[in-house]
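Put chain B on the given structure of chain A with help from the hints.
First to last, the sequence lines map onto chains A and B. Quick note: the first sequence, position 74, residue 74 per the working numbering, numbers continuous. Quick note: the second sequence, position 16, residue 16 per the working numbering, numbers continuous.
Pairs of lysine-lysine, DSS-like flavour, derived with a Cα cap of 27 Å: (1) A:LYS57 <-> A:LYS71; (2) B:LYS103 <-> A:LYS57; (3) A:LYS57 <-> A:LYS9; (4) B:LYS56 <-> B:LYS69; (5) A:LYS70 <-> A:LYS9; (6) B:LYS26 <-> A:LYS57; (7) B:LYS103 <-> A:LYS9; (8) A:LYS14 <-> A:LYS83; (9) B:LYS70 <-> B:LYS103; (10) B:LYS70 <-> B:LYS56; (11) A:LYS9 <-> A:LYS71; (12) A:LYS83 <-> B:LYS103.
Keep in mind the hints are simulated off the structure, nothing from the lab.
So the chains spell out like this:
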Amino acid sequence: DGGITQSPKYLFRKEGQNVTLSCEQNLNHDAMYWYRQDPGQGLRLIYYSQIVNDFQKGDIAEGYSVSREKKESFPLTVTSAQKNPTAFYLCASSTLSGINEQFFGPGTRLTVL
Amino acid sequence: SQQGEEDPQALSIQEGENATMNCSYKTSINNLQWYRQNSGRGLVHLILIRSNEREKHSGRLRVTLDTSKKSSSLLITASRAADTASYFCATDDQAGTALIFGKGTTLSVSS
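One chain only, chain A, in its complex shape (with noise of 0.2 Å):
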């Protein structure tokens, strides 16, 4: 069963705290992204990565971190320094194929308290 994992789907996190946020895919896609959507907002670039071990920064990169230790993995951190961290987060892969068609994850909910 091909697809796209996000975990966990809710997330609460208190302030100053840092959490991380997994992505999982078994499409043996290359590229990897992470997108934060507001209510009543689109998406919005955090980072992406097209290969192992290197990764770019999106519109909104501050206050997040990643890392592509594996092709499948690409887990997001959400660090203290981020200050409106409350949000829903959501991965997505594709090929480089050059038609750039993303599947995406379920999404996690993530809210500070």
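Quick look at chain B alone, frame taken from chain A:
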């Protein structure tokens, strides 16, 4: 860096009616995609139209692209309650490495 902007922001129709939503973008594109998002879920790819195409069909979906006006439209024919969702257009960024999404149109289909 917002590339696509959907219009209208919200649309309410009855089952059986057609729903049309529009997307405008700013810079030249290689292709334009439409995605659907059910409430609280991830996005699902619906259809892709290349810059050299003017119209494309997929089931009850019809997409048009006018590169001279930098705009696209998504038509859903004979809408069903299950079509209730948010719809987003997306275009490649200038480097062709990531997608830029609009803010979406929220469609509500009542029975």
